[in-house]
Structures are given as C-alpha cells and as structure tokens.
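Position chains B and C against the provided structure of chain A, taking the given hints into account.
Read top to bottom, the protein sequences are chains A, B and C. Just so you know, we're using my numbering here: the first sequence kicks off at 675 and counts up by one. Just so you know, we're using my numbering here: the second sequence kicks off at 765 and counts up by one. Just so you know, we're using my numbering here: the third sequence kicks off at 1489 and counts up by one.
Honestly, I wouldn't trust all of these hints.
Pair by pair, the computed Cβ-Cβ distance ranges are [stated by the list, open to error]:
# : chain 1 : residue 1 : chain 2 : residue 2 : range
1 : B       : Gly781    : A       : Ala719    : 53 to 61 Å
2 : B       : Pro889    : A       : Glu871    : 26 to 34 Å
3 : B       : Thr766    : A       : Ala880    : 25 to 33 Å
4 : B       : Val926    : A       : Val1106   : 37 to 45 Å
If the Cβ cut is set under 8 Å, some of the chain C residues that face chain B in the computed set are [to be verified]:
#  : residue
5  : Ser1493
6  : His1494
7  : Thr1512
8  : Asn1528
9  : Val1532
10 : Ser1538
11 : Gly1543
12 : Val1569
Calculated from the structure, these hints are not laboratory results. Please read these numbers as outputs of a predicted model, since none were measured by experiment. C-beta: ideal position from N, C-alpha, C; glycine also.
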Amino acid sequence: MEALERSLALFRPETTVAAGLLLVVAVDSIGAAWRNAAMRVLTLASLAVALVLAFELQASGAKGALFSGMVAVDPLGAAFKVILIAAGLLTVLAFTFRNSRELHGLGQGELFALVLALVLSSMLLAAANDLVMLYLALEMVSITSYVMVAYLKGDRMSNEASLKYVLFGAASTGSMLYGLSLLYGMAGTTALPGIQEFLAGGVPEANRFAVYAATLLVLAGFGFKIAAVPFHFWCPDVYQGAATPVTALLSVLPKAAGLAIALRFFYGAFSTSGASPWDLAGSIDWGQIVMVVSVVTMTVGNVAALTQTNMKRLLAYSSIAHAGYLLMGVVALSENGARGLLVYLAAYVFMNLGAFLVVTLVHLHEGTFDLRDYPGLYRRAPLLTIAMAFFLLSLVGIPPFVGFLGKLYVFGAVIEKGMGLYAVIAAANAAVAAYYYFRVLKVMTIDAGNEDRPALKLAFADRAWLVAFALANVVPLFFWSGVDQWARGALVLYAGGR
Amino acid sequence: MTAEALVFWVLAVVTVGSAAVVVLSRTLIYSAFALLFTFFGVAGLYVLLGADFLAATQLLIYVGGILVLLLFGVMLTHKIYSLDLRSELGSPWDWVAPASVAAGLFVILSATALKTQWAGAQRPPAPTTGDIGRLFLGKFLLPFEAASILLLVALVGAAMIVRRRRDA
Amino acid sequence: MISLSHYLVVSAALFALGVLGLLTRRNAVNVLMSIELILNSANVNLVAFSRFAAGNLGGQVFAVFVIVVAAAEVAVGLAIVLTLYRLRHTPNLDEADILKG
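Here chain A stands alone, though its shape is the one from the complex:
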C-alpha cells in the first residue's frame, strides 16, 4: 500500500489531468448553457495546476520507478512533461472555438476532453518503463489523435484524413507490437530495465537477427508517431484535414512524446550501466539506423515543402523536417543530445504554435489556407505579418530567435560526438528549408495582390497571443543561462531497478 501511496505522490501531474478529464466529461452531460465556459475553465485549470506540479517534480529531482516499474520518474521525464503540458495549455488558451472558423458550431465538450486525454496519454508515454505501458500509452495517444482529426465529421477531407491516419497508425503500431513480443520472448520480461539487462549481458550470435528485427519493428511504431520517413505518409493529409488547432496540437504533443520514449527506450533498453549512463553498449548499432532515418526525414520534409502552396501542408512537411533535426538529439546519445532535444522541443512548441495561430487567424478572416491568397498581408495586418516573420525566422534557425538555440544545441551534441558529416548534411538541409520559409515571408510582405481588400481587424485576445508567442521566440535567448540551467538540471535519466 505504501508503495502505491509513494507512487501516487510522484504522479500528481497525471492525476490532475485525469481528474480534469473526468470532470469535463461529467460537466458535458449537464445541459446547462454555461457548460462550455465551465469546461474551458476546468481544462485550463487542470492543465495549469499540472504544469506547476510538473515543474515542482523536476525541481525536486525525484528519481525512481512508480507503480511496480510501469513508469519511471526522473528530472528528464519531468522536463518532458512540462513541455507537453505547456503545449496543451498554450493551445487551449490561444486557439478557441471563436477564432477557429473550422470549429464554429461544433460541440465543445468532446474536444476539451480529448485535449486532456492527449496530454495525459503523452505524459504516460514519455514516462513508460514497461512494454505493456509503452504499447498502451502509445495507442492511447494514437486513438485520441484519430478521434481529434475526425472531429470535423461533416468535412470529407477531414474524414479521409482520419481514415488514412487510423489505418496507417494501426498497421505501424501492430507491427511494432510484433517486435515488442520478440523482445519479451528473448528477455523473458516486459520491463524495460529487464530488457536492458538482457541486452547488456551480451546477445548471443543466434539472437542478433531477432534483435535487429525487433528494433526495426519498434522503430516503425516510433517513426510513425514522430512522422519520420518512411512512416510519414499520413502527416500532410492529416495536418491538412484536421482542424488547425488540432493540427497545432498534433504537431507538438505526439512528436514530443514519441521522441521522449525513443530516448528512454534506446537509452534504457539498449545501453549498459557503464561509467557514464549515456554510453551505448556495442550490442547493436542502431545509432546508424536512426541517423539514416534522421537524414532521409529532414531531406524529404524539406524538399517536399519547397513546392507546397497550402499552408497546412507546408507546415506539415516542415514539421517532418524538424523531426529529422530533433532525431539528432537521439542519435547523439549523450547528455548534450538529451539537452539539445529538450531545448529544441521547447523552442519548437513556440515556433510551431505561433505559425499555426497565424494560419488559423488568416483562415478566420479570409477563409483560405492557400499561400497564393497571402499577398498584401503586411499592409492589411502588420502585427500578424511581423509575428509570422518571427516564427518563420525561428523555424529557419537564425539568431536571435529561439529556433537557433534549439539547432545550436543539437548540432553541438552531434559534432561533439564526432559526426561531422551528419552535421554538415543537417546544416545544408536547414539552408534549403530557409527557401520556403522566406518564400512565405516574401509573399506576405512584398508580393503584389489583394490591394483592394481592407485591413484585418484582429480581436484583442488574438493580437495579444501573437505578441506573446512572438516574444517567446526571442526572449529566451536573452535568458540563455536560465534556459541552460533548466535543461542541465533535467539531465538525469532513470534506468534500472524494479
């Protein structure tokens, strides 16, 4: 019983979000007129409280396995939880049913419940320490996402997108499950530390192929979640078909959770408890495989984005490319790699949410997602355009924007590990990407068109959020040491023990 109490004490962010979820579902069943406002308040409150609790958890430095080894708690996991909850909170705050034209008139309760469920399951995934929990949490994230994409049920594109998402996702995770079963068969346990022990003890020659097969299949599942090539095919369609606030959320949460579990899985299951916890046992050279995946992913994402005119598809390919850069943090399996991953993800939240907010607002006022309708926005909505400039430059990775900080850390981690060529290819990719980001900016500012259209009147709240996100993209650079401290403090990863 005490073990349970101890586990619950360290599990407070999750229980808060779960409580919020259940309350929202309960309130939604009441027919009163105030229920929409009440649900929004409940959602925001539970996310805000959970965020504070997650910060506390990270600061406390707690480390160990909870619930009989099902989840692990450690400062790194807590830092990921902070990012996940913050992303959810910011999305619910900035994207409302009022400023998203696609969501007008749709039932609100379900979406709030789904957002909370997505945050909860992402947290469980990021902390999973056992194959059962890993699979369950992964599927929870996936199924919640499928439902969120299908939210615009009257819209054909949305429907097709969610169907493709479901089928592709179920196939990938089903294959991953087969791989997990092989690991169970070899190690005799479903616990990740147990599998780590088994692999560290030296894999007999006869088992090597099975380990390779299992790793590849597991990578299929993770790759699907992160939208890495060749498991990215669902991404542009789903991003385009889903309501933009949903897209914004999906561009961050599943990706961050997938990367967290990839880090934990490959660190926990495929490394030895050597002198430094970050040394990788020479058991299987999965690092090369992930590196190849990373390079192909960024290249495919960037090349495909070059010709896109639909803003949502463009941002979809852009986020595929960013998944490639983020994987650099996983490949450079080191303290700096994990730190890079954290900082990049935090930066990514602000740049991506900001960009999607701009796209949503343009759609609200203009009814279009097409870049060809964007000319003249500088004249018609200067604040919007300047904010978008901040987000785009941050996505390119130029100082003094926070995107530069993220790239700096992951590039640094990779170079420090001696993978110079890898860093060069990534840098080349970033240069190619600059083309399409600048193209959007050019269309908005310089291109002629829409001269006869009036200025856009943005609501105060929308303008406030644009400014807030824009500042969030610049200010951290001036508090670099603070950011560094936060990331450094997070670099403790729990592994081993029951």
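For chains B and C alone, coordinates are given in the frame of chain A:
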C-alpha cells in the same frame, strides 16, 4: 501423433487457412466470416497453451465484440439488397510484389523464430484467471486504470463521430 | 512434441498474411481485418512466449491489453468508415482521393 499434436495441427490449419481466406477472398462477407474462424482458431491455440482466461477473453471480445462490429461495418456500408458485396482486387500482376513481400516476411520471421535462443523459463499450463486478476490489481494496476481512460476516449470519440445531429 | 517453434511459425504466417492484406486490399473494412490478423499474430507470440520462454504471465496480461486496444481501435476506425461512407457512398480507399498521397 499425440492428441495434443493432432489438435495443434487442426487448429493451425484452420487459423492460417481462414486467415488466407480473409486476405484473398473477393467477397467481403466471406472475409468477415473467415475472420470468425481465425479468431476461434487463435482461441483454441490459447487453450492449448494453457491460457484459459485469455481464450475466454478472445472469444468474448474478439468474436463477440470486434467481429460483430466489423460485420456491422460490412453490412452498413453496402446496399442491403444488392449482392455486390465484392472488393476489387485488380489483375493478378498486381499481386506479385505484395505476395513476394509477404512470403519473404514469412520466411525471415520463421527462420528467425527457429534460430533464436529464446529465454528458457517454462510455465506449465495452470489456471491463470486468479493470477491474472492479482496482476491487474498489483503489478499492472496503472495500465489497467489507463485502459479505462482509453475506453472512455474511444467511447466518447466513436459516439461523437457517428452522431448525426450537430451539437450546439 | 509441440514446441515454441510451432506456435511462432503459425504467428509468422498470420503476420505475413496480415501484411499481404494491408498491401493489397482496397476496402477499408478489409484493411481493418488485416490489421486484426497482425495483432492476433503478435498476441499468439506473447502467449507462446509466456508459456515456453518467459515463464511468467506478463505475456498474457500484455495480450489482454492488446485485445482492449484492438477493440477501441476498431470502434473508432469503423465510426470513421461509416461517416466516410455516408459522405461518399463508398468505403473504398481508392476513391478517397481528395487528399493526394
């Protein structure tokens, strides 16, 4: 051949054979019913492996729930009175690449299975229900509770997606 | 003597057939059935390992959770197929062509 071996081979043939029908049949309704036999076959294999609780769960949920749902899906997405419950498969040449991939997979996975040294602990068949129950409320408590949230989300989600009237 | 290998070969066959179905079938419900085949093959693996390799019930518990997840997935998947059918009168994937690729 022992009784166990005989039962195994019968179950294996039924399972794999009906799975082949699921994948290869031109008629959707035949696929659905073949899937029924596949699920039964798998349940039988579970019994042979001593997983009594799991076999019952398989029958209850897979056959009684998922298969029924799939049959609803088949029935509701076709005109009831039309006999055209076919699924287009295209020319035989379309099959060459996928069939070779599948065959290759089978060979690779089987070879791997035969070659690998799996962990050595055996668990002779014994009643599992009590032990599984204890595990659900003990070691696997968190996934157990999380699964209930998953089902809540699936329930709310599926109902919301299919509901016709737009909610205000 | 029926051993672990026998079961693993059966599950490999199920997995391969499931993949074949994924690659060739055009009807969404058929693809869902193929995915169920894949999930069942993994489950057979888990239970067989539980009996012959791991010596514990972890595999069986895992299999129960897989069945739960499969049920949720099929429910959501079919809800979407049904809605798609209502809008387009076909559950065929080929004709879901508004989105490219």
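Tested hints:
no. : hint                                : in the structure
1   : Gly781(B) to Ala719(A): 53 to 61 Å  : 56 Å, holds
2   : Pro889(B) to Glu871(A): 26 to 34 Å  : 28 Å, holds
3   : Thr766(B) to Ala880(A): 25 to 33 Å  : 28 Å, holds
4   : Val926(B) to Val1106(A): 37 to 45 Å : 44 Å, holds
5   : Ser1493                             : 5 Å, holds
6   : His1494                             : 6 Å, holds
7   : Thr1512                             : 5 Å, holds
8   : Asn1528                             : 5 Å, holds
9   : Val1532                             : 6 Å, holds
10  : Ser1538                             : 6 Å, holds
11  : Gly1543                             : 3 Å, holds
12  : Val1569                             : 6 Å, holds
Every hint from the earlier list agrees with this structure, and none is contradicted.
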